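Protein chains: 2
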Amino acid sequence: MARAYRKVIKLIPYEDALKKIFSTLCNRASVHEIVPVDKACGRILAEDIYAHIDVPENNISLVDGFAVKCEDVVGASQEKPVRLRVIGKLYPWSDTSSAKISDGEAYYVACGAPIPSGANAVIKVENVVLCGEEIEVKMSATVWENICLRGEDIKRGDLILRKGALLRPQDIGVLAGLGIKRVKVLRKPRIAIISTGNELIEKSKRDPEAIPNNYALILAGLISKIGGEPMMYGIVPDDITEIREKICSALNESDIIMTIGGCSLGERDFVPEAVNLLGEPGVIFHGVMIKPGRVSAFGMIGGKPIVMLPGLFASTIAGFYLIFVPSISCYMGLSIDLLLPKVNAKICRDVPADKKPYHTFLPTSIKSSGEDLIAEPIMDGPASLIRFINANGFILLPPKRGLSKGERVNVTLFSSDELFRIMPA
Amino acid sequence: MARAYRKVIKLIPYEDALKKIFSTLCNRASVHEIVPVDKACGRILAEDIYAHIDVPENNISLVDGFAVKCEDVVGASQEKPVRLRVIGKLYPWSDTSSAKISDGEAYYVACGAPIPSGANAVIKVENVVLCGEEIEVKMSATVWENICLRGEDIKRGDLILRKGALLRPQDIGVLAGLGIKRVKVLRKPRIAIISTGNELIEKSKRDPEAIPNNYALILAGLISKIGGEPMMYGIVPDDITEIREKICSALNESDIIMTIGGCSLGERDFVPEAVNLLGEPGVIFHGVMIKPGRVSAFGMIGGKPIVMLPGLFASTIAGFYLIFVPSISCYMGLSIDLLLPKVNAKICRDVPADKKPYHTFLPTSIKSSGEDLIAEPIMDGPASLIRFINANGFILLPPKRGLSKGERVNVTLFSSDELFRIMPA
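As given, the protein sequences belong to chains A and B, one line each in that order.
Numbering (the numbering used here) for the first sequence: 1 to 425.
Numbering (the numbering used here) for the second sequence: 1 to 425.
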């Protein structure tokens, strides 16, 4: 009897795949943790932060100088200096409560020191000559000159950082400066990465020191960059029982499972079947109208998402960006834009529309050309690893849509590292 | 006797400061280390990498299908299928040495499997019907259709990555895919960060849980981002002996020393003096025509650079980017562009030229507006911490140079993290 030599899957449009991911994951309560502020760099804030103090907390001097009353130095000049009596010194660590000047008096104030009450300007030391206990001031001053007023930088009650912000080093410094000791951040989801394929096992037998699952290594690196915590689960052979067992143990120890390989339609592709053996709902979709990466699959077991990526590199990486990244961003309750940076560039050649109703994942290199960024799609063969060295990101083309030379496009960068390769001269 | 109430320093032009840094550090042999390839992500390559194998190593199939001779299926169609005898199966892990087809024969080849000798095309399984030991092929094929040829991706001898490249996850994957197990990378310089100031010590006495040296925390985070290894050396009071001792112990344990505070011209500013007590050449310059940050200093003790940053935040950060970053890049033998990403943007308002012959460090926020990036200089008071939350980078203005609204400028980003805040819609 004649029969088709292949499993059959029904491809769904990419939008439908995204909808299924969102509807499966959208009701998850995102998981937070409280971390010390000095350990929070690179984490994503899970609360709005308001200032509960003024910064600075007192009026302070912006220079080394003398705190004076403006009124005392009206008309002071090189020719007609004004003499003031210095009655004390203040440093940044000084307590200001008892410091006070009256008419004809001045206080030495170091840069950052509080301003004594009664004073309303600071004369820089270079505009003053010291004469024993007195100073000769050789210029006049305007009100609040060289003074940073209490709350001028940050006012109590100001919104400082919004929920969802990636905490940069300077944010951490500001939080610490506000006296905040701990912040609520998203817990990093732990991603179990399982490579499948007898060929990988054969390779590692031939050379035990080699890293045959190098795609897993790439994805682990990219996962770290988008805020996940990769966990390497090694290689399983193309055996349904072994795959099921490996996924089962990963489900116990991680938040999201990612498999590489074994989800195509060949006779040795067992991953989706193994997922279905593990419980309900199992595989939610298998087959998406994306190119490459169409055999990518998504499932759910015990409330944990399982993203199944194809094994051929161009497909693996397309599945990673088009299926896995939306899944993890949805899981974390974040917009994808927060995980993957984008740049706007001008495309340097025509890209013909594909005839099929597929979304196309187009690896793209970006060059800086004077004032503009130029995007060049890299359209080599589908197996090419090297083009991912030359590419900096990708364009996602909607079905049946081409691009014309000179058109502007948004290019999603593979990670923020790419910035170092596309800079203006 | 009348006297100036201030130490005096002679400011040097910024270009001269850079020249002194370069001439002091340029003859350093940069220090390398060999690391396993899977630990090399984020490191900077210290050697050119060439491929020593072809990728793929054999001709391989890009699809699940049947390897055939094109000549056998000329004219095959839905109506006139061609029958071929299937004589074996090949998988990605199969040894190809004995596999061979003759006229009228075919091999099943899984995606990624080697192509048997004699075959020159692969027919996808969906275009084939299986009939016992035979297949019916319903379409013709072109030579090398669905085959990735040996070396098509990477050829033996190809230059893969250049010395000086920041290794991204995908680079690591390619290196591992080439069978490379270890790579030579720059050793990360260890940067000792010493905060000075009695006020910081007072603050930490009042609240032992607080982090009074929050500027050090910011700089530590930024140092990590540019490839250094920050080491926190805590806070020293404004005491010349204690400062000297702290720098002395840091010199033993780190590669570069960075101090914060204590290098201004007040009576409690002891850092440059302390450096000079430690040996020759000591302070190489103190005072640079930059604004803010003019009291920044640079020195050298025992072959180790010491960068002295002012303590007022706007000055600290200007000194960090204008003096420290050139120092560490020179120390590592790298161009500054490799450490700090830049973007090109259009400025949204006039910036008047400064009258003094100073370089101006202008914190700048960047907004994405449709196709373009818009740069907005943030010109608040000099003590403002908050503007570093709103800024994404800086413009360095040469002396006496202003900017006109609409002009294009290069903005150096504080770090690649900033990309997440300036993206196109």
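Be a bit skeptical, because a hint or two may be false.
What the hints assert, rightly or not - Computed cross-link-like contacts, DSSO-like style, restricted to lysine-lysine with a CA-CA straight-line distance of at most 30 Å: (1) B/163 to B/225; (2) A/181 to B/225; (3) A/342 to A/188; (4) A/405 to B/367.
For the record, the hints were derived by calculation from the structure and aren't laboratory data.
Note that this is a predicted model, so its numbers are computed, not measured.
Evaluated hints:
1. B/163 to B/225: Between residue 163 of chain B and residue 225 of chain B the Cα gap is close to 19 Å, so the pair holds against 30 Å.
2. A/181 to B/225: holds (23 Å)
3. A/342 to A/188: holds (22 Å)
4. A/405 to B/367: holds (26 Å)
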